[in-house]
Structures are given as C-alpha cells and as structure tokens.
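Residue strings, one per chain:
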Amino acid sequence: MKIETTSDQALGYPAEVMGWGRYPRSHSNVLPIFSPREAERALQQRVGLTLLGRGQGRAYGDAASNSGNVCLDFTPSDRFLGFDAKRGLLHAEAGVTLEQILNEFIPRGWFLPVTPGTKYPTLGGCVACDVHGKNHLSISNYLERLHMLLADGSYVTCSPKEKPDLFWATTGGMGLTGLILSVELRLQPIESSYLRYEGIKANNLEEIFRLFEESETCPMTVAWIDCLAQGRTLGRSIMMRGEFARKADLKTSARRRQALAVSHNPKLIVPINFPAMSLNRFTVAAFNAVYFGKHPKRVEAIMDYDSFFYPLDSVLQWNLIYGKPGMVQYQFLIPSKHSFEGIKTLLEAISATGKASFLAVLKKFGPMKPQGPISFPVPGYFLALDFPVGNGEILKHMERWDELVLKFGGRIYLAKDANLRAETFRAMYPRLDEWLQVKKKYDPNNVFVSDMARRLGLLSPGGAVPKMKKSKLGTRGK
Amino acid sequence: MKTVLILGANSGMARALARLTASPAVQLILAGRNTKEMEKTAADLEVRGHGPKPFIMAFDAQATETHEKFWSQVLAKVKVVDEVYLFFGQMHPQAEAQKDFHLAEEMLVTNYVGAVSILERVAATMEERKQGLIVGVSSVAGDRGRRSNYLYGSSKAGLSAFLSGLRSRLVPAGVHVLTVKPGFVDTPMTAGMKKGLLFAKPETIARGILKAVKAKKDVVYLPFFWRWIMLVIIHIPEGMFKKTRL
Chain D
1 MKIETTSDQA
11 LGYPAEVMGW
21 GRYPRSHSNV
31 LPIFSPREAE
41 RALQQRVGLT
51 LLGRGQGRAY
61 GDAASNSGNV
71 CLDFTPSDRF
81 LGFDAKRGLL
91 HAEAGVTLEQ
101 ILNEFIPRGW
111 FLPVTPGTKY
121 PTLGGCVACD
131 VHGKNHLSIS
141 NYLERLHMLL
151 ADGSYVTCSP
161 KEKPDLFWAT
171 TGGMGLTGLI
181 LSVELRLQPI
191 ESSYLRYEGI
201 KANNLEEIFR
211 LFEESETCPM
221 TVAWIDCLAQ
231 GRTLGRSIMM
241 RGEFARKADL
251 KTSARRRQAL
261 AVSHNPKLIV
271 PINFPAMSLN
281 RFTVAAFNAV
291 YFGKHPKRVE
301 AIMDYDSFFY
311 PLDSVLQWNL
321 IYGKPGMVQY
331 QFLIPSKHSF
341 EGIKTLLEAI
351 SATGKASFLA
361 VLKKFGPMKP
371 QGPISFPVPG
381 YFLALDFPVG
391 NGEILKHMER
401 WDELVLKFGG
411 RIYLAKDANL
421 RAETFRAMYP
431 RLDEWLQVKK
441 KYDPNNVFVS
451 DMARRLGLLS
461 PGGAVPKMKK
471 SKLGTRGK
Chain R
1 MKTVLILGAN
11 SGMARALARL
21 TASPAVQLIL
31 AGRNTKEMEK
41 TAADLEVRGH
51 GPKPFIMAFD
61 AQATETHEKF
71 WSQVLAKVKV
81 VDEVYLFFGQ
91 MHPQAEAQKD
101 FHLAEEMLVT
111 NYVGAVSILE
121 RVAATMEERK
131 QGLIVGVSSV
141 AGDRGRRSNY
151 LYGSSKAGLS
161 AFLSGLRSRL
171 VPAGVHVLTV
181 KPGFVDTPMT
191 AGMKKGLLFA
201 KPETIARGIL
211 KAVKAKKDVV
221 YLPFFWRWIM
231 LVIIHIPEGM
241 FKKTRL
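Top line first, the protein sequences correspond to chains D and R.
Take the first sequence: its letters are residues 1 to 478, numbered as in the working numbering.
Take the second sequence: its letters are residues 1 to 246, numbered as in the working numbering.
Don't take each hint at face value.
[Claimed, not checked] The calculated label-pair distances, taken between Cβ atoms and stated as ranges, are:
| # | chain 1 | residue 1 | chain 2 | residue 2 | range |
| --- | --- | --- | --- | --- | --- |
| 1 | D | His397 | R | Lys36 | 49 to 59 Å |
| 2 | D | Arg257 | R | Ala215 | 35 to 45 Å |
| 3 | R | Lys79 | D | Ala15 | 47 to 57 Å |
| 4 | D | Leu89 | R | Lys214 | 33 to 43 Å |
| 5 | R | Lys201 | D | His397 | 49 to 59 Å |
| 6 | D | Arg108 | R | Asp60 | 54 to 64 Å |
| 7 | D | Glu40 | R | Gln62 | 14 to 24 Å |
| 8 | D | Ala464 | R | Asp100 | 28 to 38 Å |
| 9 | R | Lys242 | D | Ser154 | 44 to 54 Å |
| 10 | R | Arg129 | D | Gly48 | 50 to 60 Å |
| 11 | D | Ala15 | R | Lys53 | 36 to 46 Å |
| 12 | D | Tyr291 | R | Lys216 | 54 to 64 Å |
| 13 | R | Pro52 | D | Glu40 | 26 to 36 Å |
Just so you know, these hints were derived from the structure itself, not from any lab.
Note that the structure is a prediction, hence the values are computed from the model and not measured.
Beta carbons: idealized from backbone N, C-alpha and C, even for Gly.
Here chain D stands alone, though its shape is the one from the complex (with noise of 0.2 Å):
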C-alpha cells in the first residue's frame, strides 16, 4: 500500500529491465512516456544521467537496456496519428506494436511492408533495429518520415531527402541518435490475409543454396535448417516461400468472404521458466530428426498470415523454455562472395561443439543498395541460431565462431547481440565511423546510452564517457 516514489518523480521508477532473451539483466529507472512532453521532461531533468527509448524489449540481448540510468518507456506511445487510404501511408506513434497495425489494417486491405518473426515489437523499435524479415529489404526503405525528439530538446522530421545523415544513422542505430517519437510507414496492398506457401525439402548445404538461387524473384524466403546435421546431411532444410494469396486463389467461398480475416490463433503460454535440462541436444535432435523425417520433398498450402509469419507468437513467453540463466540468440551474416563457404564452415563449428540450437533460419539477402551505417542487412546469407545460456560456457563458444564470421567478411545483427566485443564490432561494421560523426552531430554529450552502446563503443567520440552502476544481475559472461 505505501507509495514508493523515487526522489525524482519524473525519472520514472525502479525495475529489472531485460530483453527478451532474458539476458543479460540489468536494474534501471524506467519512465513511462504518455506524450512527448514527459520524454521533453526527462532531458530537462535527467541530470548526469542518461536516457534511453524502449519498447517492447523484443531485442534479444542488452540493446534495449541502460543500467543505472533511465529507460525511457514508449509503449503508452501507441496512438494511430493518421492514414492517408490512397497511398497506404501510416503515421503512427513509435509505442504502437506490429499487432495493433495488423489487427487495424489487414480488414481494409493493408499488410506491413515488412516484418520481424514475431508481431509483438513495437514500430519504433523496428525502426531504431532496421528489421528485416521473409521479403529482401528491411523496414528503412518502407519509411516515409520519422518524427524525433533530439538531445538539445529540438524537434526534428528527418526522411531520406530531409536530414537523410540523421535518417541513416536512426534506421538501425538502436535508438542512439535521439528519441523516435513517430513513425510515417508505406503498408503493401494486400487482397487476402493468407499466403499460398510451398515447404521443399533440402538434403544438405548445396541443395540449399541452389533452391535460394532459384526464388530470387519469390516475394518471400526462408529455410528451416536443422544446425545437428553432419557430413552428408550438413545443411538439411527446409525451404519456406510464400506470396500473398490472391481472392482467387481462396478454395473455398467462406475464405473468399473473409479474405482479410485477422488471425486469433490460440495462444499457449509457458507458465514459468522450464527447467533449463529440458533443451538439450538430444531432444533438440530428435524434435529435427522427426520434423524434418516427417516432410515430404514438397509441400504446397493456403496458410494465415499467422502460421506463416509468426508461428513462434502462438507461444507466448516461448523465451522461458530456455530457463532461468535465458537465451541468446546468434545471427550472423556473411556477404555474397563467401556466402557458402563462410555458412558451412560456420556450421560445422556451431555442430562440432554439440550445442543444440532449438531454431536456426537461413536466409538470402539480395541485390540491395547501401543502407544505414550500422544497419545489418548487406547482399549475402544470414543465419540465426537460438542458444540457451546454461552455464555460459556457449558465449566463449560465440567469441570463437565470431572470428571466423569475420574471416569471411562477415557481421552480427545488433538487435540479437548480447556479447560481441567492440573491437570485433568494428571490424565488422566498416562503415562505423560514418555513423559515429552523426551520432556526434547530434548527440554530442552522449544523452543518448545503452548497456550495448557501452559495451560496443557506440558513443559520441570525445563526449562525455556516461557512468554505469555496476548492477546485481547484470553479469556478463566473461
């Protein structure tokens, strides 16, 4: 019944913050932002301490977390702020989730030009990370504006004509640059809500590739591979594309009528954390041995938006079967030229140490023009693995295999990130100290921090180096 407050009203209260891989954990201030003027508020008053824009904490590791300082909580940011129904142009708050979009514009006619595995995220988050998903281009290139709040208190719209250094640096620039307060985004047209979707099988590593090769022109890609296979069966898969249904393509009438039907697939919930045994290579191999025994070489189906784009989502809360020390989850890039090569020497690493990964998705990016300085997406195949932490034996394992990643030119998607170190990150991102001089443009003193900015040097050279409480819980691996 008694009413904590903190000294200082206006910085929010005191919490655990974390990802969803549940690791690291950190203790922080988290404020909750209504409307722009609390968050106009904080850069009043922050004192020395330094701010950080948070969603739905959908970044796996410690992007969205600022120990010892304030995080800024955009999800009561989630109003519709207009939407122009001719050319499918929304503007909306940056706290507004993937789902409310979804939910709101699929009966209309509209789908989100890209998306994430999972529809929980909200659109700023999805911004400040550039997602990717399915198709080949992340979110950046589907924006039309972004409205934020910067470090000096000034309100700025930047876009790919107007401000397009603040732009870049934004669209996968983990919200360092300054506060994202709304997000002006171009919806594809959609006929149906569902998806003609065809499974092809793949024996190993090559077939892979060469089915990859051949869907360049499908509008959606992705493999499901099984990271326990060896020699032979080394990179068995399964290919999943898709396009949009058209009405036509509906069988039956009662779909036709419900073309756009949102889904409201039931939802699972995975109570408490699962003993963190209950993964481990010999289940993970046999679930991959059934799965993949059970698939026929080619399957073709009508699939809801749901199944398809987030079949993860009907398991809440999935993070808690990894147990209580959480997950991390490694999704590694490696350009075109050494794109082969790199993933198979790549995978047979990750499967020498026996260290099972629960899921693991491989993708292509294709032809694509630059885009942000630290946004992931670059030609190339990229792919994501999911480890349970344990005893932290796997982020030594990680350490190694990013050595090799860089070898072959390759890169680490931030938004997965818990662990990389700086010096590796660099190497990996050439085009940092671009991104750098922005960050310095326009947040000089370093307002803007996270756990991940410190950790990887994404600070404002010669600003201020901003403090970090040491926090309980907040243990990294080494």
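Chain D is fixed; fit chain R onto it per the hints.
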C-alpha cells in the same frame, strides 16, 4: 447521437476510455489542458474509424472562474450532453507537498474544488433535463488518510463525499452518478512509483468503468480486489492505524 464529455482527456485512463467509447453513434468531446495532445488522441480515434471526429476544448480544472463559460460553450456546441466522465486529477509526492504548500494546494484545488465547480454546473443542467450520467474518478486513497499520501488522499476524500451527496440529490431527477475508486494504475500520475502486482493497466480500469455504468453501480473499486483491501484498512482502529507506516 449520444454525446460524451471527457474532462481531463489526456489522462491515461481517459485515453483508454475514449478508445472503448468511441463509435459511429457517439460524439466525443475531449476537454483538457494540452490541446495538442488531445488532437493526437482525436486523430487516433478517427484513424481507427470509430466515429465522428471528436471535438476538442481547452479546459483547466484549476481555473474555476472559466468553468461557467466552458460549460455554456459545450452546450452551445452539442445542445445536450448525455454523459460526463471526470478524469482530471493531480498528485504530487507527499513528502514534497508537505514541504511546499503550493503543491498541496494545487492538488486540493484541482481534485476537489475544480471537480465540484464543473460538476455542479453539469448537475444543474442534467437535473433540469431529468436525464444523464456523471462518472467521477476518485481514488482508494480517499477512503482513509494515510501518512504516506494524506494530502492527495484528502482531496479525493472530499471528491468521494461530494459525489455521494450529488448522487442522492440527483436520484429524483433520474441522473446516474458513479464514483470510481481505482487503485494503482499505470498512468503518467504514477510514473515515479515502483510497479508491483497491484498495478493495473488503464484499459482494465476503463473496461471496469463501462461495466459499472451498464450495471448502474453507485460506487466501484477497480480492480475489484481494492474493495476488500480498503474494507480492511478502514476498519483498523484509529489507535492502531495511526502507528502504521501506511
């Protein structure tokens, strides 16, 4: 078309209630201090296609001298107001308000004097028309003065007592008065409080309010368990209660 006036439309609970109330058959009037923010809420409701664009009117609870004019402007705009929801309220931390009377005064003037001032005018109109609904958002904090929050609590105690009397007065006129007593809610007002299991989302409270309106309740605690918590708290003998740190 039903007309609904929301006073303190920028509050977290008001925003949630506006989303649930808006429909093609409802004309909303959003009233509050920050018109720019209300415009965003109005845009949201319009994009969602819930109904006609809400009217936006500047309203300052503390400036009681402006309330007469405000109310006549509302009536000039919509002729009849069917429902009034009062959400505005101010809370400063007890320790700060103890040191600076100005902060205590601000709470008393906003939460009590301001509410009485505007609702008396609303009541007079509805009494004459013999129809209407008044929902006043008070607080569990008004049920008993506690050392950790009695300055805010007493302003809400005043509001609760006022609403109770108003309800009785308006029974003959057939006007329904609902007193809402929320516990802790995730809103800008509680931004500085440590969140725990007792905290509810504004949407939960808004749904509870609409349910209580439908059920013609007089007083509703939201979420429901606060009724039992407060029942215990108000029955602790004063001799004991004064020594607690609540």
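Cross-check of the supplied hints:
For His397/D and Lys36/R, the Cβ-Cβ distance of about 52 Å falls inside the hinted range of 49 to 59 Å, so the restraint holds. Our hint of 35 to 45 Å for Arg257/D and Ala215/R holds, since their Cβ atoms are close to 37 Å apart. Between Lys79/R and Ala15/D the C-beta distance comes to about 48 Å, which sits within the given range of 47 to 57 Å. Our hint of 33 to 43 Å for Leu89/D and Lys214/R holds, since their Cβ atoms are close to 38 Å apart.
The hinted window of 49 to 59 Å between Lys201/R and His397/D is violated, with their beta carbons roughly 41 Å apart. Against the hinted window of 54 to 64 Å, the Cβ-Cβ separation of Arg108/D and Asp60/R comes to about 38 Å, which falls outside the hint. A C-beta distance of roughly 22 Å is found between Glu40/D and Gln62/R, which places it inside the suggested range of 14 to 24 Å. Against the hinted window of 28 to 38 Å, the Cβ-Cβ separation of Ala464/D and Asp100/R comes to about 32 Å, which satisfies the hint.
Evaluation of the 44 to 54 Å hint for Lys242/R and Ser154/D yields a pass: the beta carbon distance comes to about 51 Å. Taken as a hint, the range 50 to 60 Å holds for the pair Arg129/R and Gly48/D, whose Cβ atoms sit roughly 57 Å apart. Between Ala15/D and Lys53/R the CB atoms are about 38 Å apart, so this pair conforms to the stated range of 36 to 46 Å. Range check, Tyr291/D to Lys216/R: about 56 Å between beta-carbon atoms, so the 54 to 64 Å window is met.
Between Pro52/R and Glu40/D the beta carbons are some 31 Å apart, a value that agrees with the proposed interval 26 to 36 Å.
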